[in-house]
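From just these sequences and the hints, can you work out the full model?
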Amino acid sequence: MNLESKWLEDFSALAATRSFSQAAERRFVTQPAFSRRIRSLEAALGLTLVNRSRTPIELTAAGQLFLVTARTVVEQLGEVLRHLHHLEGGQGEVMQVAAAHSLALGFFPRWIAQLRNEGLNIATRLVATNVGDAVHALREGGCDLMLAFYDPDSAMQMDPEIFPSLHLGQTEMLPVCAADADGKPLFDLEGEASVPLLAYSAGAFLGRSVNLLLRQRALRFTTVYETAMADSLKSMALEGLGIAWVPQLSVRAELARGELVVCGGAQWHVPLEIRLYRCALVRKANVRLLWRKLEGGAAQGVTGS
Numbered sequence: 001m002n003l004e005s006k007w008l009e010d011f012s013a014l015a016a017t018r019s020f021s022q023a024a025e026r027r028f029v030t031q032p033a034f035s036r037r038i039r040s041l042e043a044a045l046g047l048t049l050v051n052r053s054r055t056p057i058e059l060t061a062a063g064q065l066f067l068v069t070a071r072t073v074v075e076q077l078g079e080v081l082r083h084l085h086h087l088e089g090g091q092g093e094v095m096q097v098a099a100a101h102s103l104a105l106g107f108f109p110r111w112i113a114q115l116r117n118e119g120l121n122i123a124t125r126l127v128a129t130n131v132g133d134a135v136h137a138l139r140e141g142g143c144d145l146m147l148a149f150y151d152p153d154s155a156m157q158m159d160p161e162i163f164p165s166l167h168l169g170q171t172e173m174l175p176v177c178a179a180d181a182d183g184k185p186l187f188d189l190e191g192e193a194s195v196p197l198l199a200y201s202a203g204a205f206l207g208r209s210v211n212l213l214l215r216q217r218a219l220r221f222t223t224v225y226e227t228a229m230a231d232s233l234k235s236m237a238l239e240g241l242g243i244a245w246v247p248q249l250s251v252r253a254e255l256a257r258g259e260l261v262v263c264g265g266a267q268w269h270v271p272l273e274i275r276l277y278r279c280a281l282v283r284k285a286n287v288r289l290l291w292r293k294l295e296g297g298a299a300q301g302v303t304g305s
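UniProt numbering puts the first residue of the sequence shown at 1, with every later residue one more than the last.
Read the hints as simulated data drawn from the structure, not as lab findings.
Computed from a prediction, not measured in an experiment: that's the story for all the values here.
A hint or two may mislead.
[Said to hold, decoys possible] Pair ranges (Cβ atoms, derived):
(1) Ser201 with Ala44: 21 to 31 Å
(2) Leu105 with Arg283: 22 to 32 Å
(3) Glu161 with Leu255: 34 to 44 Å
(4) Ala285 with Ala256: 18 to 28 Å
(5) Ala33 with Glu226: 41 to 51 Å
(6) Asp180 with Leu105: 20 to 30 Å
(7) Arg217 with Leu255: 17 to 27 Å
(8) Leu3 with Arg217: 53 to 63 Å
(9) Gly297 with Lys184: 25 to 35 Å
(10) Asn211 with Leu105: 19 to 29 Å
Yeah, the Cβ is synthetic: ideal placement off N, Cα and C, and Gly gets one too.
The following block contains the structure:
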């Protein structure tokens, strides 16, 4: 197999832009020349990487998997050159981590601090995003690691052989609301009256578990606000507008100060598992080092309490 490194860079540019014309412009070649180079890459691999019938273009399943390898090879070549030219300044590789917003704020800083306390000084770059975009980034090599809540019933579950994961800790979603003058919850989940609900929007990752609980317990409620962001729900709860189910790690400070209170017993809590995912096709040394340390028990068992 005869592959040229420029073809891998071309393919990475095409995946990023989803457009032959934009990718060709980014690679400083004409569109016909760029298209020929992509076809040469496909011919060398014996695979169809791009579905050209769609606008914008889409990668085939083989293309999505190959993109991880292409980006890894391009990054490793760049890494070697930077080291040879002494441009890294001794900093080494930087791991890019895509994380759900609530984990980026409520879990990631303490986890990284614990890793450093255990002697694992790894440079990281954090991208806070929604779960769908994080999965997309991991699948296509846009990040090295993904930090997310585990959902065994989710349709987005990935092949564990290609995308292995590790348990990092446990937390739970708590029903919270503002307190009255006596420090008591403004709303009562056990009462007869319908309660105002601050809800996750349709398709939101955390919303599936909350909706299941609401159906199981036949809660009477009126939805007064919807969003995909747990922190936005928390802000609305702080204003006294209703009840929100929010990860405990996102409301530690507010609960401690009495600005929010838990308004339901353990039967209203939703357990959450925190997991770290990687792509087995990525060969970064620091990723492999971190994974070995985690498998040995480093910085695991972190909870949201």
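Status of each hint after checking the structure:
{"no.": "1", "hint": "Ser201 with Ala44: 21 to 31 Å", "verdict": "violated, 44 Å"}
{"no.": "2", "hint": "Leu105 with Arg283: 22 to 32 Å", "verdict": "holds, 30 Å"}
{"no.": "3", "hint": "Glu161 with Leu255: 34 to 44 Å", "verdict": "holds, 40 Å"}
{"no.": "4", "hint": "Ala285 with Ala256: 18 to 28 Å", "verdict": "violated, 40 Å"}
{"no.": "5", "hint": "Ala33 with Glu226: 41 to 51 Å", "verdict": "holds, 48 Å"}
{"no.": "6", "hint": "Asp180 with Leu105: 20 to 30 Å", "verdict": "holds, 28 Å"}
{"no.": "7", "hint": "Arg217 with Leu255: 17 to 27 Å", "verdict": "holds, 22 Å"}
{"no.": "8", "hint": "Leu3 with Arg217: 53 to 63 Å", "verdict": "holds, 57 Å"}
{"no.": "9", "hint": "Gly297 with Lys184: 25 to 35 Å", "verdict": "violated, 42 Å"}
{"no.": "10", "hint": "Asn211 with Leu105: 19 to 29 Å", "verdict": "holds, 23 Å"}
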